[in-house]
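With chain A's structure known, arrange chain B on it following the hints.
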Amino acid sequence: KNQVEQSPQSLIILEGKNCTLQCNYTVSPFSNLRWYKQDTGRGPVSLTIMTFSENTKSNGRYTATLDADTKQSSLHITASQLSDSASYICVVSPFSGNTGKLIFGQGTTLQVKP
Amino acid sequence: IAGITQAPTSQILAAGRRMTLRCTQDMRHNAMYWYRQDLGLGLRLIHYSNTAGTTGKGEVPDGYSVSRANTDDFPLTLASAVPSQTSVYFCASSDSQQPQHFGDGTRLSIL
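Note that the protein sequences, when read in sequence, are chains A and B. So the first sequence is numbered by the working numbering: it starts at 1 and just counts up by one. So the second sequence is numbered by the working numbering: it starts at 1001 and just counts up by one.
Chain A on its own, in the form it takes in the complex (with noise of 0.2 Å):
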């Protein structure tokens, strides 16, 4: 069965740190694999997206790993802001093209502290 795994569940570090949010999935076949971060009440915001031959991918201060031999992702976050509180959403794409048949993770709850 197709599956997207996130660890940990919930994490909080102070304000300044940084942190790595694991994602492991049983997807076949691989296309993609995108990290969203989701606000509190808000829709989820592309972050990175990967194909299979990309390793690593940032967007300022996120940067996303793929091992495409494991299967496992991770987020990491530099010098976190409180702003960076919100969940954190690894999705795997199947397959290329507009099929919307996404994998998507439970998510990471992050929460920064001052």
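Any given hint could turn out to be false.
Claimed, not checked - List time: in silico BS3-like cross-link candidates among lysine-lysine, alpha-carbon distance up to 25 Å:
| id | chain 1 | residue 1 | chain 2 | residue 2 |
| --- | --- | --- | --- | --- |
| 1 | A | Lys1 | B | Lys1057 |
| 2 | A | Lys57 | A | Lys101 |
| 3 | A | Lys113 | A | Lys17 |
| 4 | A | Lys1 | A | Lys101 |
| 5 | A | Lys101 | B | Lys1057 |
| 6 | A | Lys1 | A | Lys71 |
Stated by the list, open to error - Residues of chain A clear of chain B, computed beta-carbon distances all greater than 10 Å:
| id | residue |
| --- | --- |
| 7 | Ile13 |
| 8 | Lys17 |
| 9 | Thr20 |
| 10 | Thr26 |
| 11 | Val27 |
| 12 | Phe30 |
| 13 | Ser58 |
| 14 | Thr65 |
| 15 | Ser80 |
Hint data in this document are derived by calculation from the structure and do not stem from the laboratory. We treat Cβ as the ideally placed atom computed from N, Cα and C, and that holds for glycine.
For chain B alone, kept in the frame of chain A given last:
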């Protein structure tokens, strides 16, 4: 500002009533999607449309219907609401292989 508009933002509905959630995008994206998000679960696809005039079933389509009369609008209808349809509903759109753009959701409570 370009994006997706969902309406209403929230709604309390009696079981058995009919309800249509509205979704409009102004990005001229071909594909549109409806998801539901429940606590402890990832977003689940209800229905999708790859282009105007076509629709498809997602992972959890039962009890829901959609239509795609034009590029911009993709309404989701609950013909006879049940309490298990209490959820947050997100509409999204995308073009080609670009990431999906999401609306800010409709919070629906069925009593």
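Hint check results:
1. Lys1(A) <-> Lys1057(B): 19 Å, holds
2. Lys57(A) <-> Lys101(A): 23 Å, holds
3. Lys113(A) <-> Lys17(A): 10 Å, holds
4. Lys1(A) <-> Lys101(A): Holds - the C-alpha atoms of Lys101(A) and Lys1(A) are around 14 Å apart, at most 25 Å.
5. Lys101(A) <-> Lys1057(B): Cα-Cα ~10 Å, so holds.
6. Lys1(A) <-> Lys71(A): 14 Å, holds
7. Ile13: Answer for Ile13(A): holds, closest chain B Cβ roughly 22 Å.
8. Lys17: 27 Å, holds
9. Thr20: The assertion about Thr20(A) holds, with a minimum of 20 Å to chain B.
10. Thr26: 14 Å, holds
11. Val27: Answer for Val27(A): holds, closest chain B Cβ roughly 12 Å.
12. Phe30: Per Cβ check, Phe30(A) is outside 10 Å of chain B; nearest 13 Å; holds.
13. Ser58: Check passes; 15 Å lies beyond 10 Å.
14. Thr65: Per Cβ check, Thr65(A) is outside 10 Å of chain B; nearest 18 Å; holds.
15. Ser80: About 23 Å separates Ser80(A) from the closest Cβ of chain B, which puts it past 10 Å; holds.
This entry satisfies every hint, going by the numbered hints stated previously.
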